[in-house]
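K.L.:
Protein chains in written order, with the numbering used here: chain A, 1 to 325; chain B, 1 to 302; chain C, 1 to 236.
Among the hints, a few may not be true.
One side only, chain A facing chain B, incomplete, derived with CB under 10 Å [stated by the list, open to error]:
id, residue
1, 122
2, 276
3, 290
Where chain B lies over chain A, by a calculated footprint (3+ residues, C-beta under 8 Å) [stated by the list, open to error]:
id, segment
4, 21-35
5, 49-63
6, 200-213
What follows is a set of in silico ranges between Cβ atoms, one per label pair, in the way DEER data are often shown [claimed, not checked]:
id, chain 1, residue 1, chain 2, residue 2, range
7, A, 321, C, 113, 35 to 43 Å
8, B, 284, A, 82, 37 to 45 Å
9, B, 137, C, 129, 47 to 55 Å
10, B, 288, C, 230, 53 to 61 Å
11, B, 135, A, 79, 53 to 61 Å
12, C, 194, B, 183, 18 to 26 Å
Because the hints were derived from the structure by calculation, they are not lab data. A virtual CB, placed ideally from N, CA and C, is assigned to each residue, including glycine.
Below are the chains, spelled out letter by letter.
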Amino acid sequence: MLKKHPLAGFSLFGIILFILSNRVDELRVFQGATVAIYVIAIASIILLTGYSGQVSLGQGALLAIGGYAAALARNHWGAPVWLTFCIAVLAAALGGYLLGIAAARLSGPYLAGTTLALAIGLPSIANQFSIFGGEQGLLFDIGAPPASLGENFSQYKWYFWIAALAALIAIYWLRNVMNSRYGRSWKAVRGNDVAAELAGINVGRNKVLAFTISAGLAGLAGALLAMTISTVSPGAFPLALSFSLATGAVLSGVTTLGGVMIGAVTLVAIPEIVDTVVSRFESSESVANNLPGLLVSTLLILTVLFVPNGPVEQLRTRREHRAKK
Amino acid sequence: MAQFINMLLIGIGAGSIYALMAIAMVLVWRSTRVINFAQAGMALLSTYIGFELVQKTGNFWIALPLAMILGAFFSAVIEILLIRTLIRHSTSGPVAGIVPIIATLGLLGLIRAMIGFIWGNQDIQIQPPLSKVGFKLGQETIALSPMNLLVLLTVLAMVLVLGFIFQKTSLGLSLRASAYSPEIAQLAGIRVGAIRTIGWAIAGAAGAAAGLLQTVNGTGAVSPDSLEFSLLLTFGFIAAVIGGLESLPGAVLGAVVLGLVLACVQIYISGTFVFVVAFALLLLVLLIRPQGFIGTKAGRRA
Amino acid sequence: MSLVVKDLVVDHGAIRAISGVSFTVETGKLSAVIGANGAGKSTLLRTLSGLNKATAGSAHWGEHNLLQGKAESHVRNGVSHVSEGKSVVAELTVEENLDLGALWRRNKKEAAETKNQVVELFPRLGERLSQRADTLSGGERQMLAIGRAVMSKPQLLLLDEPSLGLAPLVIEQIFQTIRGIVDSMNLTVVLVEQNAMGALKIADTAVVLNLGSVATSGSAADLIADPAVRAAYLGY
């Protein structure tokens with residue numbers, strides 16, 4: 001269904017989500033919104049790493065740009081909600097474009113280090129300028145859901161609708177981009193950029209474009225994330241967020257968009273699992289503080305050791321092997 | 001004038017600690033072509049171990065070398081257990097080149113979480129072994145305390161010892177040959193695998209020293225999520241890149257330059273811009289002279 | 001002692017680079033391995049020195065099994081390999097490159113004597129001991145590579161295309177030096193060469209490889225006289 005009629009598939013999936021959101025409790029709805037946001041953020045990494053061979057370890061910084069841009073637009077100009085998201089995308093894309101110009105000339109370790117430095121430094125910069133509200137950050141309030149949705153329509157459900165719709169549109173659009181001329185060029189660049197250059201692909205421009213689009217998506221995710229917690233602050237985009245997203249991307253398999261849900265669901269499930277463990281065993285505070293990090297890191301290391309290309313790709317290659325035999 | 005001298009002192013002092021971190025990153029990069037982001041985590045772990053040793057022995061100058069030895073040991077274990085397997089496995093596939101880098105990120109998270117489990121997430125406090133009140137120059141108190149001076153001398157001694165090992169001993173020759181041309185080293189009978197592990201071990205010791213010295217030189221407080229250690233990692237990386245990522249003297253020089261530039265910004269402009277300037281410096285070096293100030297053209301083959 | 005290679009098979013992934021090669025080189029002899037590009041000459045040599053893994057067959061230097069263990073252990077058993085393209089470490093000095101070859105040797109006194117021998121053999125290197133290897137000319141680098149291999153006190157020397165990219169006069173000189181080393185040090189040498197004529201002239205025996213198999217082999221003099229070899233590899 002997805003292969004033949006992608007639009008119909010995505011719409012159906014959206015309708016299922018919509019129905020589901022009316023049948024589960026508030027916490028699940030909120031988690032659903034978070035999954036949708038992670039899907040966008042992870043997809044932005046997959047686009048960059050899996051399709052163009054560029055590594056960004058600092059996606060959290062681009063999310064932060066999106067979040068702050070949305071909050072500033074809303075608070076200073078009173079921009080309508082849909083416009084704040086557009087501004088978030090544009091602002092982060094601009095950041096990504098600038099980063100991309102530099103990144104197009106950098107290879108693996110340099111790029112990884114540079115983006116990581118950005119993720120470490122950017123939140124602490126935001127901390128020191130009054131326009132960004134310092135440690136407390138800025139409020140980002142998108143307001144109550146429209147009255148036409150009924151009195152029982154909760155705030156979280158409203159977040160979920162917005163986030164899920166954004167994720168569906170983003171993934172659908174990204175899927176088309178990947179199958180377009182640009183997507184094929186990126187794959188060629190990832191495979192071998194000298195060969196791609198010889199085949200007439202402008203490698204530099206393609207890398208910058210991949211960075212720009214990826215950053216735009218990250219910015220959208222950042223604005224949505226800010227929406228669900230109603231604020232943007234340096235603490236909302238810590239280094240741990242960048243790590244988690246990178247982990248999510250590796251878990252999903254950076255070579256294909258197909259597994260993007262795996263990483264997103266895992267990232268949301270981990271705190272849930274930790275909560276259960278902590279309350280079941282009445283564990284100490286240090287377990288609650290450190291178990292999530294332990295789980296995420298262990299998963300990341302195990303994945304790169306045993307399924308470096310992600311479970312989806314692994315299954316596909318295994319199936320192909322079997323088909324050959 | 002006093003301000004200028006203070007800037008020099010602060011810059012060189014900070015730079016000397018970045019230098020240890022940069023040396024650690026360069027050593028790992030040269031021996032396995034991996035940027036080890038877990039270096040900050042390993043330094044943090046060594047610092048906690050140093051903290052325990054200071055508690056037990058009551059003497060920082062016994063704790064420091066012991067922590068460095070343990071740091072070297074952990075680093076070697078990580079190379080043998082994790083990095084070797086990863087490098088052997090990741091020779092094919094589209095993301096082969098970045099897999100070890102991502103793994104070191106995982107390792108960083110893992111180490112931080114384990115520290116949190118063992119020591120908790122609150123700050124611990126290491127007492128500085130010497131006074132941190134600045135010397136007096138006439139009426140003025142300058143930004144150089146006995147502690148600062150000793151840190152400087154310790155780093156200097158370490159750099160000299162490393163330089164001697166690398167330039168004058170058989171081990172140093174093996175390390176350099178294996179870094180520049182593993183195949184030829186192997187053909188000359190050098191056990192390249194063991195040499196790689198030794199490279200990681202020395203890096204672990206240098207990182208441990210960086211962590212402990214930074215801590216006693218600063219506030220003395222550490223926590224698993226310490227921003228200081230993230231910045232140490234970043235500045236160490238930037239210093240290594242300025243030096244060309246391949247060269248040990250380059251790493252030291254890059255660190256001192258970075259320290260001085262940042263001290264200059266901090267004193268004459270504002271502490272707010274320290275990171276912005278460091279990041280700009282990194283981009284500038286990468287875009288204008290990617291082989292670093294000292295590195296050769298071949299350095300960026302990666 | 002002799003080098004005995006039997007039914008050696010080497011694969012590069014899915015491609016068979018060497019398919020069933022057998023030959024023998026007696027002690028103190030210089031054997032040339034010639035053949036066109038892609039005949040598997042370098043692969044053969046890299047397999048003998050432990051850099052590539054063999055799929056099947058056997059290769060022994062005396063008692064020592066060349067298909068087992070890593071390259072670094074072969075050196076300790078008297079097998080030295082000079083890989084293709086001036087195998088020196090460009091970033092190290094000439095002296096450091098030489099010392100590299102003797103690092104594994106316990107007896108430092110003997111190693112120092114070998115260094116004197118090498119410097120006598122290549123006076124040009126002696127004059128440039130403290131220069132970086134990448135400041136040397138192509139011919140000097142090749143000499144340094146051979147010198148480094150000799151520093152390991154080898155009994156079996158594997159040379160991969162020492163003439164590559166050198167001027168005709170320098171090639172002549174290198175070939176004469178190789179012959180000289182074989183005679184004066186009683187070494188056994190396998191010399192892989194694209195420059196078939198030059199190699200055959202100094203060799204005792206020769207193996208002609210074609211697409212991974214032995215096309216013909218025999219004494220070097222016989223092969224030079226063989227019309228088929230002349231037509232295919234010597235160009236007249």
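K.L.:
All hints, please: hold or fail.
P.N.:
Results of checking the hints against the structure:
1. 122: 8 Å, holds
2. 276: 18 Å, violated
3. 290: Holds. Min distance 4 Å.
4. 21-35: Coverage by chain B is violated here, the residue count being 0 at a Cβ distance below 8 Å.
5. 49-63: holds (count 5)
6. 200-213: The restraint on the segment 200-213 of chain A is violated, since only 0 of its residues have a Cβ under 8 Å from chain B and three are required.
7. 321/A to 113/C: 35 to 43 Å: With a Cβ separation near 58 Å, residue 321/A and residue 113/C fall outside 35 to 43 Å, so the hint is violated.
8. 284/B to 82/A: 37 to 45 Å: Holds: the Cβ-Cβ distance is about 39 Å, inside 37 to 45 Å.
9. 137/B to 129/C: 47 to 55 Å: At roughly 49 Å between Cβ atoms, residue 129/C and residue 137/B fall inside 47 to 55 Å, so the hint holds.
10. 288/B to 230/C: 53 to 61 Å: At 57 Å between Cβs, range holds.
11. 135/B to 79/A: 53 to 61 Å: 56 Å, holds
12. 194/C to 183/B: 18 to 26 Å: 21 Å, holds
Violated hints for the displayed structure, listed by number in ascending order: 2, 4, 6, 7.
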